[in-house]
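4 protein chains.
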Amino acid sequence: MKDSVSVCMIGAGRVGRVHTNSLLNAVKSCKVVALVDTVSETLTATANDFNISERYTSLEEALARSNFDAVVITTPTPTHKDLSILAARAGKHVFLEKPMALDLGECDQIIEETQKYHVNLQLGFMRRFDPEFVSAAQRIRAGEIGRPMMIKSLTHGPGLPPPWARDLKTSNGMLAEVNSHDWDTLRWLMGSDLERVYTEVANLKGKKLGVDTDNFYDNVMVSVHFENGSLGSISGICPCGYGYDARVEIVGDEGIMQIGELKGQAVVVCTNRDQGLITPIYRTWPERFAWGYIHEMRHFVDCILKDEPPQVGGLEGRWAVAGVLAGTKSFLEQRPVYLHEILQPA
Amino acid sequence: MKDSVSVCMIGAGRVGRVHTNSLLNAVKSCKVVALVDTVSETLTATANDFNISERYTSLEEALARSNFDAVVITTPTPTHKDLSILAARAGKHVFLEKPMALDLGECDQIIEETQKYHVNLQLGFMRRFDPEFVSAAQRIRAGEIGRPMMIKSLTHGPGLPPPWARDLKTSNGMLAEVNSHDWDTLRWLMGSDLERVYTEVANLKGKKLGVDTDNFYDNVMVSVHFENGSLGSISGICPCGYGYDARVEIVGDEGIMQIGELKGQAVVVCTNRDQGLITPIYRTWPERFAWGYIHEMRHFVDCILKDEPPQVGGLEGRWAVAGVLAGTKSFLEQRPVYLHEILQPA
Amino acid sequence: MKDSVSVCMIGAGRVGRVHTNSLLNAVKSCKVVALVDTVSETLTATANDFNISERYTSLEEALARSNFDAVVITTPTPTHKDLSILAARAGKHVFLEKPMALDLGECDQIIEETQKYHVNLQLGFMRRFDPEFVSAAQRIRAGEIGRPMMIKSLTHGPGLPPPWARDLKTSNGMLAEVNSHDWDTLRWLMGSDLERVYTEVANLKGKKLGVDTDNFYDNVMVSVHFENGSLGSISGICPCGYGYDARVEIVGDEGIMQIGELKGQAVVVCTNRDQGLITPIYRTWPERFAWGYIHEMRHFVDCILKDEPPQVGGLEGRWAVAGVLAGTKSFLEQRPVYLHEILQPA
Amino acid sequence: MKDSVSVCMIGAGRVGRVHTNSLLNAVKSCKVVALVDTVSETLTATANDFNISERYTSLEEALARSNFDAVVITTPTPTHKDLSILAARAGKHVFLEKPMALDLGECDQIIEETQKYHVNLQLGFMRRFDPEFVSAAQRIRAGEIGRPMMIKSLTHGPGLPPPWARDLKTSNGMLAEVNSHDWDTLRWLMGSDLERVYTEVANLKGKKLGVDTDNFYDNVMVSVHFENGSLGSISGICPCGYGYDARVEIVGDEGIMQIGELKGQAVVVCTNRDQGLITPIYRTWPERFAWGYIHEMRHFVDCILKDEPPQVGGLEGRWAVAGVLAGTKSFLEQRPVYLHEILQPA
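Chains as they are written, first to last, in the working numbering: chain A, 1 to 346; chain B, 1 to 346; chain C, 1 to 346; chain D, 1 to 346.
Keep in mind that the hints are not guaranteed to be accurate.
Any copy, or any two copies together, can satisfy a pair, since identical chains are not distinguished.
With a Cα cut of at most 27 Å, we get these calculated DSS-like pairs of lysine-lysine [stated by the list, open to error]: (1) Lys169 x Lys31; (2) Lys169 x Lys329; (3) Lys28 x Lys306; (4) Lys31 x Lys2; (5) Lys329 x Lys208; (6) Lys2 x Lys116; (7) Lys2 x Lys306; (8) Lys207 x Lys169; (9) Lys116 x Lys306; (10) Lys31 x Lys306; (11) Lys2 x Lys28.
These are calculated hints, taken from the structure and not from any lab test. All values derive from a computational prediction rather than experimental measurement.
Let the hints inform the model, and build the full structure from the sequences given.
As structure tokens, then:
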């Protein structure tokens, strides 16, 4: 067994920084050897902050000049397929951020190539590693609330996404960029695949901010009918402004379970009885999923060291993309859309 | 100004008992003079419990023999129209439980007759009188969370509804019998009428209990698109078993608001660290809306004494029925349904 | 059995208004027939607000001119003994606010005279009627947390007490005027009398506000050793400014119980992620103990109607006064003080 | 600057395992090179679990045979002084668990020797590194609740302490072994030293379990008067059974702050409305202070790497011991005890 994993980070933005920080400060048996970003200012700033000496503006360059076992890809979605495949062909293990790719064909290519070159492929669904979600999933599996009947999963993010993520021509919008986690959570916790979805969207804050991209939306509500007959919903708001909000509620035929809360810290203050109690809220996703981000990187490194497949791979990523595409088709065509329309197009 | 209102209770079941109790113990300037129920055991039991001497098996009989100013109608929905109109024509003020009636035609007749005979018509939307909902509504109106963008309202009731309420031939099902409050809450808190709805339903616990009535469902999820462009959802589960659950969450373009909680009492106990903290849940709707039920009766009596119209009348009842009908049509036809299809049928 | 109780309110201040409101709006089978206050502006204002026609500036005058069954005494503590005895001798049932009196001798006279004249004496410990405290007491009695080992009871009030209540020459200070409830709660929930107490006090906010009355304190911390060997504490802060805060925590040999919370309403708002969640706090004691105040008045009226003794009477009031006196002696003499020093002075 | 710190763990018990785990899995730039324990089974078990190859039964042996920069001492209190001094004289940096030592003389020797040999001395007050406590302290310093007037700090631990920790002949009992953190928290958050204390104790659960050691207590309540005139209390219960409970409440002249809560995870379940909501509680101190334990080890390693003194050193440890001694003297002599009686004995 190897005793250490050397990693090349691809993407020096916000998520890239979170993962770099985890690997440097909270994961043993690994080294961050190089950083890649096409934007040189971002590259320099992040590399300086984390004291990473090897810096490249392309994965090709990194592969040519550096030596590492794995990549962590946090670049925009449209780049995922090519970067993953390039890494896989070079024999590098791949940690890939969500959403996996733009369509199912891309997902299939990534899965195929990582399998062909015998490298691990782990998707960035950190909720699968959050202690609360993990405990909840175990308790549901153990039957604590009986058979799940209805699930509601929401993700509200504080800030406006970047332009490429607002445009259905270059991304799959909020359903993909923000709600990918919810698509995965639904399947995971309900233990059933989705059968059909119906989506309503609105552009409300975006409109005030002058965002007039075709089909842009900042509010989304998805109704879900599962293959096993149960029901669900996903809702998304971005930018919501008020914090980072990710919660799930599930009712089974023997009880209810709530996962997560708005409160970010158990410090309560009141200085004005006309205002009331003040409690910190989760401000950002790295705060909310602090342990999830650490545990998923530990899992990535551990699986490589032990030569085991990760718990969350291409299949999970592909299902989330399928949900996104069905949800998007639904609001574009204003009708319920069956997953089989996406999975097995005529 | 009169100094007291005498009331005839029509319906001696659970809701009837709650209102009788409020009028007897928590509302001044009123008297409960008679009780009507077609089932003699129920009539006797409730009349004995509350020490009501005048007991009748029909409103006609009560009108003929007794003397009162107002009626409180809590009988099954199919009886609402005839009882309301009979009372109105006799010059009696009407408090009518939700849902108002089976269809919009019935609603229109009730509104017309109560107006014609100059009697008050108040609908049993007690959430409009719950201190938390009232405060929330005021704060939303005052702009505290900005323009409302997305609302989620849920009602989960503990027990299986009676047979007549499970059958679309004799009622409008759970969307009417349980979720009427949510339809009203959506319009009230969002300050907008509904434009279209999409509904998914499931029969999960009912199936296990052997309920095989056509179109029976015990889980429902409604997506809502409002006229002003905002989004919403209503969900219902009955029987949920775990308690009485009525909560609302609203996000505006400047913040989020949560109304209500599962917790029924601020008494927390832990005796076993492997089990955890135990906190009472709201077991029933009279517990959850204890103040709402009292305040709505006070309002009913006050409006009669002051000769003022109640804040929640036929219009609110009619809109809730319209929502129910649109939501039902949606799941029957498996497509989004516009409210105008219900309000102005071709 | 009588079918109605007529009441004369003695004291038109804040507590007097709360009880008047309960009797007028939430308690059946009673009438408020007269109001007494020595301050004519207060008398007129309160009588006008509640539409009470009979107004007197002394109990003597009320007894001479009016006709009633009971009195509700909410005047300052130094008047309690004389008013209670005067009412008792006239055959009127007595509801007496806490603290019962200034010393044990006064308590004994009140108890003796009410017994001699066969009238009910109920003390204003509304926590005994608060649904959460009642439920907690029952669960403790039922053994849910085992044998109680340690109890902490706190009362923090928002505003500065009136001058007479700040001076040990005219009152027993905060321990009596604010913390009387805690003294009673300790005995009630622990099921044991107090053996010794040790008290620390401080004048911190008062000093800033210029209150320099001898022995005035606005912060107090009492350690308690019970006769059965268990431990406890009472803490008081007045004025605390931030709200009305009354909570209890008890640990038994099989678990912990928390009673009450700061939160005043289940309406949570966040509009600024740097500030966090905002939840209403209980602003005042009538808000916190809304049901307690109603139920204690219902109990007072019911006991008179049924000719039964109230659950909370002179004995409970006397024990609370004994605690206050021991606690006060402790901080004056800077040593632990035994209750028997107060109960059986040498 | 060094780029890594090698550590010898002294003590292979529960706390030793927690620190070893932090150093191995969550702290970069450090190595655990050796483990010392006098009990060979414990030594072997822990060394095996963490795959530590160098194992010694004494610090002397470790110093003779191994090579390291620092020690982490988690052995019973009576060993603290000798082990710390031995390590210091060998030039090793010292992380020392609470309580620092048995008396002030021992504290002084430890401080003196670590200073003389220019090694760092960090005390195991992990609450100083808990994100909630840190944030709370900053907000208090920033004046958010005004001038602190009253603080209550509690620590309740689940299990019965080992025999040596129950006996005042070999330890300072629960006030030292469990409540050391509270003594430190009081000074830290109030920004004032303690002036006098009064302590009540009880042996309740211990008695049932047959613990009859002289002066053993399992419940303790300490009243505190600070030098700056403000008030406080410390309470301790061990074994409490129901979980690990560490909370603080502070009231300042402008508001209240609550730090910590019983709830261990934001996963709420209800399956039975007669039972209510169930929420996980913190079961153990490693769960409650997961981040605190990691951050204090990071701080220990960082300070050594940067050649800086730790934020929590001998002075803080000494003050906590002084509090313990005053508190113990108080209950033994049944009177309030001034800190100066301990700090400057006659």
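At most 27 Å between C-alpha atoms: does Lys169 with Lys31 qualify within a copy, between copies, both, or neither? So Lys169 and Lys31 fail the 27 Å test inside a copy (37 Å) and across (50 Å) alike.
Can you tell me if Lys28 and Lys306 fall within 27 Å by alpha carbon in one copy, between copies, both or neither? both (14 Å within a copy, 21 Å between copies)
What label fits Lys2 with Lys306 when the C-alpha limit is 27 Å: within, between, both, or neither? within (8 Å within a copy, 31 Å between copies)
How would you classify Lys31 and Lys306 at a CA-CA limit of 27 Å: within, between, both, or neither? both (16 Å within a copy, 21 Å between copies)
How would you label the pair Lys169, Lys329 (within, between, both, or neither) given a Cα cut-off of 27 Å? within (14 Å within a copy, 35 Å between copies)
Which holds for Lys2 with Lys28 at a C-alpha limit of 27 Å: within a copy, between copies, both or neither? For Lys2 and Lys28, the Cα distance is within 27 Å both inside one copy (13 Å) and across copies (19 Å).
I want to check one pair: Lys329 and Lys208. Are their C-alpha atoms no more than 27 Å apart within a copy, between two copies, both, or neither? The answer is within: 25 Å in one copy meets 27 Å, while 35 Å across copies does not.
Checking an output row: Lys2 and Lys116, CA cutoff 27 Å. Within, between, both or neither? So Lys2 and Lys116 pass the 27 Å test inside one copy only (22 Å; across, 44 Å).
Intra/inter-copy verdict for Lys31 and Lys2 if alpha-carbon distance must be at most 27 Å: both (13 Å within a copy, 18 Å between copies)
What label fits Lys207 with Lys169 when the C-alpha limit is 27 Å: within, between, both, or neither? Classified as within: same-chain Cα gap 19 Å, cross-chain 45 Å, threshold 27 Å.
Quick one: Lys116 to Lys306, C-alpha cut-off 27 Å, is that within a copy, between copies, both, or neither? within (19 Å within a copy, 47 Å between copies)
Comparing the model with each earlier hint shows a violation of hint 1 alone; every other hint is respected.
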